[in-house]
Each structure stands twice: as C-alpha cells, then as structure tokens.
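Chemist: So the protein lines, in turn, are chains A and B. The numbering used here puts the first residue of the first sequence at 2, with every later residue one more than the last. The numbering used here puts the first residue of the second sequence at 2, with every later residue one more than the last.
Think of the hints as simulated: they come from the structure by calculation, not from any bench. If you're wondering where the values come from, they're calculated on a predicted model, not measured in any experiment. Note that CB positions come from ideal geometry on N, CA and C, so glycine has one too. All clues given are correct.
Which chain A residues face chain B? A few, computed with CB under 10 Å, are given here:
1) V58
2) D86
3) A309
4) S331
Computed cross-link-like contacts, DSS-like style, restricted to lysine-lysine with a CA-CA straight-line distance of at most 27 Å:
5) A:K72 x B:K72
6) A:K78 x B:K72
7) B:K78 x A:K72
There are 2 protein chains.
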Amino acid sequence: MSRTVLMPISQPTQAPYDLQSPRRMALIRIWDAMFRGARRYVEANGFVGVHNMPEIVGVTGACENIDTLFKVDYFGKQAYLAQSDQLYLELITPYLKRVYAEIQSFRMEPEADDRHLTQFALFEIEHLGDLDELIGHLTGIIQSIAAMVASDCVAELAHFDRQPADLPAAVFQRITYSEAVEILQHDFPDLAWGDDLKANHERLLTQRFGPVFLTHYPLPIKFFNMRQNDEDPRVVNSTDMLLPFAGESAGAAEREHDYQRVAERLRSSDMYHRLIELGGTDADFAWYLDAHKDKDVPLHSGAGIGMARVAQYLLGLADIRQAVPFLLNSETLL
Amino acid sequence: MSRTVLMPISQPTQAPYDLQSPRRMALIRIWDAMFRGARRYVEANGFVGVHNMPEIVGVTGACENIDTLFKVDYFGKQAYLAQSDQLYLELITPYLKRVYAEIQSFRMEPEADDRHLTQFALFEIEHLGDLDELIGHLTGIIQSIAAMVASDCVAELAHFDRQPADLPAAVFQRITYSEAVEILQHDFPDLAWGDDLKANHERLLTQRFGPVFLTHYPLPIKFFNMRQNDEDPRVVNSTDMLLPFAGESAGAAEREHDYQRVAERLRSSDMYHRLIELGGTDADFAWYLDAHKDKDVPLHSGAGIGMARVAQYLLGLADIRQAVPFLLNSETLL
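Construct the complete structure from the given sequences, taking the supplied hints into account.
Modeler: Shown next, in the form of structure tokens:
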C-alpha cells in the first residue's frame, strides 16, 4: 500500500467540470447508495437482473422520439444508441415474470441546460401484472433508495445541505391526467385536454401534491404499446412519476399484449409515421411484433426510472447538471 | 394480475437468435447471480460503485487499440463509444480509495466468431495498492461469482450440463510472462520473448495450469500507463487473468502515477503514435495528464473483467456467443 499523501487540487484541469471535487465524491457515494437501495427492493421482490442488454440497437431501442437517436455506423448498417431496452425486456418478462435492468439511455439533445443530458442511467423494470402493481413497485423502489441514502450517506448529504431527516418520505399521491388538467387550467387557461404536460405544469403539480403519480394519459401522446383503458378508450393505463425539483422521473405503463392491437397501435403512432418518413419499414419492428404473433402473451407492465432525476429529488437540486457523477451533455465531452 | 397462460413459441422470429429459449432464460438468471456475486465481494470489501460513467467519450475511453473504436458524431465533434472507463475511475480512486463500475465495452470488431463481441459487460475495479492486492481482489471476485452461481442456479446450470459441484474452485496459479514464454517455446519454437500471446498460447497455459494470473508482461505491448517494474524495466507490473475455455478474461495492472513518467509513457506508446497519425493531439489526454501534474498521486491499481468470458469459464463454453444473454457482434443487430 502506498504511503504517499494526496495533495489538494492545485491546478485547473482542462476537463469541462471538476471531476475531483469533494462534492462530486459525495455525489458518487450517494449514487452508490441509490443503486444499492433500488437493487435491494428488486432483489427482495424477486426481480431478475438482466445484464449485457443491447446499447447499440435498431429503432426498437428508441423511446418515443426517434429524431433524438444518436447514430452509429454499424458495419455499413444504420444503428443507434439505445434510449430504452423496454422492448427487449418485454420479450423476457413472460418467462422470468419480474425483471430489471440498469442501462445507459442516450438522447441527442442539443440543449445543455438544467433539464437535459445526452446520457443518463435508466433503471428499467418489467413484470407480469397491471398498473396498480407497477405503481406499488415504483413506490417501493423510491422508498428503498431514500432509506439507503438516509442510512449510509449522512456525511455526503451535508455537501448538499441535507440531513437524513430532510429526505422526502416518498408518500405518493395519485391523480389522473384529466384531474391534473382541470387543476392546471386555473393557472394555464390555454391548456387543453389532450395536450402533453410541460415542465412548468409538472412543477405546479409537484408543488401542490409532492411526489405524484399522474395516471391515464391521452393515448395519442404516449408510446405506441401503452395499453388502452378498457372503460375510457381515449386514455392509456400509464403513469408518469413526477418528483419535486425533477418533474417527470419515470414513464410507466401496462403494455398492449395482443398481437393485432399492438401492430395496429404501432402503425397508427406518430413514431411510426416519422420512421416511414426517414426510410424505415415494418421490418424494423418485426422481431418485436413476431414475438406476439399467435401467442398468448400475458398482461405485463413496466417503467424506466431516470436515476439523475431521483438524485435531484433527494438532494433538492433544480439543475440536473449538479445531480450526476459524470456530466454528459452537448457541451461536456470528456 | 393476468390469468392468461403463455404458450410455447410456435413461430420462427426474424430476430438473429432466439431471445426466448429456455437456455437463454437460464443464462439470464446465471448472469444475474454472477453480478450479485461480484457485487457481494466488492461491497463487502469497501468498494464504492461509480454510476453513470461516460459511454460516449474522447480517445481517453479507448483500450489499447483506437482503430476498434465505434465513432459517434457528437454535435459536430468526433466522439467514440467507450471501451474502458479506467482513466475516469483513476481520477476518483485517490479520494474514494476503492471503486468499481459496471460498464458496457464496445469494440468495432468485424469478426463474428467464437471469440469476438462488439458489446460486452465489463466489471472494472480500481483501488489504492499494488499488484499483489489487485490479484487478491480479482481472485475474490471470481470466487464470489462462482459461489453465488453454485448456490442460486442449480436448475439453470443443468441447461449447460453443469452441476454446482462442477463449478471450478477458482484456485489460481501465478506465473510470469517470462516463465510462460519458456514453457510455450517447447510447443511454439518461433515464439520469442516480447511477443504478445495469442489464443492458442493462452489455451495451452490454461490446460496446464487451470485459471492462472500471467504477470509482468513486456512494457511495449501493454497499455501506456501500466507501471514499469522497479527491478526489471523491461516489464510492467501487470497481470492478465487467463481462464479455461475463455483465455484472457481480465487485464490488470498497477498504474504509473508520476506525472513526468506517465506523460513520457503516453508519448512513446504505439497508441499515441496511431492517435497522431489519425489527427489527434496531446490535448486528447489533457484532462487525464493534468490530474497528475504537481500532485502526489498515490500508487493505485485496477482491472477490467470481461463478464462474458467469466460465463464461458463457469459454463465450460468455448464459444462466447453461447455465453451472453444478448448477443451483439457484427452480424446480430437487433
């Protein structure tokens, strides 16, 4: 073992941010506790970790907006960096019943601001069962994360002017999108049912409700395979998890599991139309659709949790750039 | 909860391999146990998990051969997909003392054969201390992985004709590169001291020794910052971990921690000459070198463990394509 002593940083580095500050070291330890907390919940609840998930993908690795995919020349084929491995996990779920994956999600977002990253850690879960069960798992994961950080990171929290007692208890409210729109229309009279919610809408809702699950979004503004509600076909059985400071921190839904319906939903989605415009075809989703054909795929649900947003919530940080151990946005290539 | 029953697969899919076979499900569970085993060792030994590590990087994310980097157009800048996050971890190690990271390593390898992948899970560790300590940690990690798989995956091992009792005990031999060359020269008379070892050389060594740490490679054929041996300047304080069925499964070494020496070593390395040929400059390594300037960086060591190769070893698989939950090589984009 070395007996040399590390001296404090005396030179400015050419790195785009200080990798070696005490605050960053504290942040790394907090993230370690966050992941240990999340893993503790999923392991205790029978989720199987899926490793080596594809990060170089076809458009099946896209998450809503295929225009924000980073491109990779893959031996002459057009490939992309994954935004979500949801569709890959879905194929496994009927067999392993509860699965999770820790992936990096890539977004070609040119804005280098307080809300955008080009790479972030996504904690994805997928399981048999419905939206209610899914909301239970999300709540359990966030609570387990907060508990691990509170117990293991007393000194580290001080770098963020937090004490364990300050950590939010993560008791979630639950309201529907329709209820939210009604509430929001007091302050945003131009907001109409069917509009997607923006950061300022989310902020008002978390100020009023604290952490909140916003359920049953309008079908057209959500991912193609979110399952349509049986009673109200205008909406899907989805939820966005909104957290104070961070806004939307998880997208979650029941998945359409009937072959005919999921194929129709794909072909009527905005994403699909954009795919065709860009020269894509049905074949781009063939392996996913084929896995539903002539099979009785059980009801399953899943979510992707943006861990940087969870860190914002726990640490009370309005700027996502302050919440990540390594910062990757359009200005910070290292 | 759904009451539908999943039917067996009746249709061939257009996927390049069967994602839903019972053998693949067993493999996913085995990998889950492998990672839980590795994490159990590092957590019990005070390693801090570093998350959100950069996967889109400059050439500092390269691992020896910069010609095998996948390129990404990063908002007009040339970027790459990471092969190793070693240099990033090294900057943290003086502060957190023992760190680990689970990353995806990308290699633009056109060969789609039994030894090559384009993406694989790399379990990286970095810690204060020397090569002997590093070899101890690697041994501990492999033993912990094998123990977890043996205890948790009895049914899954049967898919690979293995029982827990078949799992190798992971008692490692340790020989120097020079000793290995002498041994190999009986069968490979053309092999000269200074040559890099190939798969057939590694195979002969693991057949004779079982799992083995091959230490003290010649300086010119190894990564630029592997620390030169004090007694024999021809070699570095490195080790390759060779595993039966898999061959080289971890590269590991003490790191040069003196600013002048590491800068000289970089500039005299083959990698650097290739970088200059390709239009790179000193500035590509500035943040890393700057973090050593005028500082008393303590001795540290680290390794990257290829988890697919560990799976080959545990399961007795000569073909790496059979050992990964998701297969990514030049022929299998999904």
